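When you get a sec, could you build the whole thing from the sequences and use the hints?
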Amino acid sequence: MNEFNFTRRGFLKIATTVAGGLAIGVPMPRMAEAGGHGGGAEINAWLTIDPNNIVSIVTPQTEMGQGAFTAVPMMVAEELDIPWENVRHVFADANRHVNNDNLYTTTSTGGSTTVSRRHPYMMQAGASARERLRHAAAARWGVPVDEVMAKQGMLTAGSNSGTYGEFAADAAMVTLEQEPAIKAYGDWWLLGKDVKRLDIPLKTNGTAVYAMDVTLPGMVHAATASCPVPEGRLVSYDFDAIKDMPGVIAAVELKQPKDVAAFTDMRSGVAVVAESWYQAKNALAVMPVVWDYGRGASISFESQTAEAMSLLANPGTLVLNEDGNIGRNLDRGVNHEAVRGIIDGADKVVEGEVYSRPFETHATMQPPCAVVDVKADRVDVWTFTQDIARSLNEVADQLGRDTKDVYLHQTYLGGGFGGGYNMYVHRQAAAISAEVGRPVKVIWSREEDIAQDAQRPPVWGTYKAALGDDGLPVALVTHFVGEEKMPAFSQRGVANMPYLVPNRRHEYSIVQSHIPIGYHRAPGANSNGFIVEQMVDELAQAGGWDPLEWRIKMTEGNEPWQRVLLAMKEKSGWTPELGRGEGMGCAVVESHGTIAGCVATVAVSRRGQIFVDRLQYFMNSGYTINPLNAVEQAESSAIWELSHAFFGGLDIRDGRIVNTNFDSYTMMKMPDTPPAIEVHIENSENQWWGGLGEPTGPPTPPAVANAIFYATGTRIRSTPFAKAEL
Amino acid sequence: MAITLNINGRDYSIDADPQMPLLWAIREKAGLMGTKFGCGIAQCGACTVIVDGNAVRSCNTPVATAVGKSVRTIEGVSENNDHPVQVAWQDLTVPQCGYCQSGQIMSAVALLERTPEPSDNEIDKAMAGNICRCGTYPRIRAAIHKAAEMSKT
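The listed protein sequences correspond, in order, to chains A and B.
Quick note: the first sequence, position 407, residue 414 per the numbering used here, numbers continuous.
Quick note: the second sequence, position 32, residue 50 per the numbering used here, numbers continuous.
Just so you know, the hints here were simulated from the structure itself, not pulled from any lab data.
Quick caveat: nothing in here was measured; it's all calculated off a predicted structure.
Heads up, the beta-carbon is just placed ideally off N, CA and C, and yes, glycines get one too.
Among the clues, some could well be false.
Covered by chain B, per the in silico footprint, the following chain A stretches (three or more residues, Cβ under 8 Å) [claimed, not checked]:
| hint | region |
| --- | --- |
| 1 | 240 to 252 |
| 2 | 360 to 374 |
| 3 | 420 to 431 |
Structure (structure tokens):
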């Protein structure tokens with residue numbers, strides 16, 4: 008096996024060149040092992056060029072609809088300079104990555120980072136390959152390298168010309184003294200153009216393969232049940248009661264390694280294995296199982312809410328940037344010691360009521376599913392994951408096998424949204440396959456999925472502010488309550504809010520919770536934005552300010568925010584004063600380095616029916632490499648949060664989630680979809696990059712709630728809105 | 019027991035319990051993987067197929083009820099991925115994760131066969147049983163109108 012030095016350490020050697028481009032001191036691999044991706048020559052681990060000038064580009068990230076399988080090839084192709092029609096996408100080899108010092112740096116796919124953080128080394132892979140092609144051509148033609156042009160898949164020097172494909176094998180052998188710099192920002196021929204995602208045709212005829220669709224000879228099917236009250240444990244099960252049911256083969260205990268499972272540990276439970284999945288599911292449903300429910304049995308969402316309300320009645324813990332505090336690594340308040348005194352002595356004080364958001368679940372359209380085949384000499388894995396290397400390592404860990412013998416095959420993901428982290432379905436499949444000695448496909452029923460998912464946490468929050476003579480806040484204290492598993496989510500977008508309140512203090516408290524927590528599209532910002540951006544409207548109203556003008560004033564000098572806010576003012580037809588029963592509301596939230604503003608126009612009928620007529624978005628992500636994909640993702644994130652504003656919301660009783668299928672955990676459908684969703688890209692283009700997979704979600708519920716306030720005079724302080732009295 | 023299912027114009031002889039949901043017969047027995055499992059209770063539409071012209075949720079339809087009928091799945095929509103609905107879906111870049119799209123396309127095909135030029139309200143009604151967690155609804159709506167337009171010419 009060849010060793011490649013394409014490591015994280017290598018990529019950290021970054022320096023800005025005179026031209027403004029990034030020069031990265033990457034010792035590029037010399038690739039002698041041709042044919043890594045088929046018949047062509049592999050110039051480096053990212054790309055192979057075949058003699059017909061077709062370029063196969065590897066994507067180490069997963070594709071869940073967000074566009075990684077197009078964005079990564081685009082970034083490589085930009086620098087390689089090859090016609091887009093010649094580009095083919097190939098899956099990354101997770102085994103090769105894991106066993107070669109993380110060959111592709113990372114396979115993690117989340118936080119909207121595939122473009123925003125990873126572009127330097129992906130573009131470097133293309134640039135470095137192009138440079139090698141030029142050197143190879145120069146050597147064969149006997150001309151100086153400077154005379155060789157590489158453009159659109161063709162190498163030329165004077166009267167000499169040839170395709171990349173003709174020089175690929177030679178290029179693979181070239182050693183460079185210095186790697187080329189990648190292009191200056193914005194100096195692109197492909198990036199910045201609308202490109203249709205490469206996976207689309209596969210998704211209109213049913214040929215895209217998801218883990219669910221993998222079938223192996225001799226494969227059996229399993230349905231699983233972890234304890235319905237999270238943190239609880241299996242006591243016993245009675246396989247004899249179901250063993251004669253049609254198709255039933257076995258029951259397998261799923262063993263939890265420690266008392267409290269870590270996020271990707273297998274949780275205590277049991278699987279039923281059968282010839283067909285519906286047989287396994289039916290048998291599992293009637294098999295007698297005894298559980299020890301643990302502490303969670305006394306927790307409900309009602310009890311958590313009551314606990315949060317009592318915590319909010321008193322001061323919380325000060326958010327500080329120090330170890331052991333949830334404000335660690337977060338910008339936090341200003342002059343926080345002075346805040347309480349200023350508020351106590353102020354003439355005009357605004358005190359908020361309690362706002363809240365409930366637990367939400369991912370409910371990816373493909374329920375968690377994995378196929379694993381454990382054999383003596385190798386283990387093959389297909390699974391729901393947003394990090395192929397992590398999941399490969401977890402299967403190796405589960406089975407006590409060397410990672411060299413574990414092969415994880417990428418498939419498309421039937422949705423991700425963060426749900427592909429904190430996932431252990433492949434551990435279950437590995438354990439079951441090892442036990443029954445056959446390949447197995449594990450599918451979580453929808454009920455199991457919603458009950459066992461790593462959920463988005465709830466938040467409860469309130470504030471108190473003193474206003475000055477100009478109506479703007481001079482001091483502000485916020486108090487947000489999170490749950491115990493990932494409480495820091497409750498400060499995202501709060502302690503680091505962009506508004507220039509001269510004295511700010513942020514406090515937090517934590518409620519008891521046994522519910523597993525995970526990343527859920529714009530984590531933290533999704534719920535907190537709902538609270539902060541309605542607080543802003545209340546402060547503006549109390550001070551006699553137009554809410555959009557308030558935001559513009561309170562972010563003075565902050566160019567990325569000003570660009571978004573001024574575009575909202577100039578382009579949206581902004582006015583909070585519409586006719587009776589109609590309202591316009593705005594909100595702006597930053598997540599993943601992108602500032603996204605929403606202007607919502609709503610109508611509310613006399614019977615309290617809410618119609619969202621129009622949603623306008625204004626996004627500043629610095630740069631956008633594929634505006635078409637950016638708009639698709641903006642629409643998707645918007646509907647994601649609109650769905651949680653009007654529907655959704657998990658209910659917990661006696662420790663268990665009770666609304667576990669789509670009849671009770673409801674979501675937006677076609678008839679609920681607003682007639683107009685418009686997306687404006689308002690980029691600063693000043694050399695920072697934000698992510699685009701999530702940011703339009705967070706401003707959506709507060710913009711709509713603010714619009715409802717202007718339409719009706721009623722403020723909605725929790726979701727789902729369906730429960731609000733208008 | 020032995021059952022003959024006609025799927026996309028071809029007869030499949032399968033051995034299945036008559037109560038087996040049609041979805042699992044299509045996937046596990048006939049080996050056609052384009053039709054998806056989403057909820058198991060006919061609430062999401064990922065499993066939508068067309069049986070004798072009607073869009074049905076195959077996840078809670080017993081396989082026995084499809085015997086002697088014509089079942090169409092995503093694999094039977096066209097040979098070359100070029101049915102007007104598929105072309106419109108590609109032109110307007112409808113799919114994201116794509117998992118629900120077989121069901122969305124089958125519902126749209128059934129709608130257009132019955133109502134060649136549907137209004138927004140008719141689209142809402144016909145598509146209300148198909149959830150898309152990626153929220154591609156605005157593009158689905160536009161693509162159905164586009165497919166209707168393309169089918170006229």
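Hints and how they fare:
no., hint, verdict
1, 240 to 252, "violated (count 0)"
2, 360 to 374, "holds (count 5)"
3, 420 to 431, "holds (count 5)"
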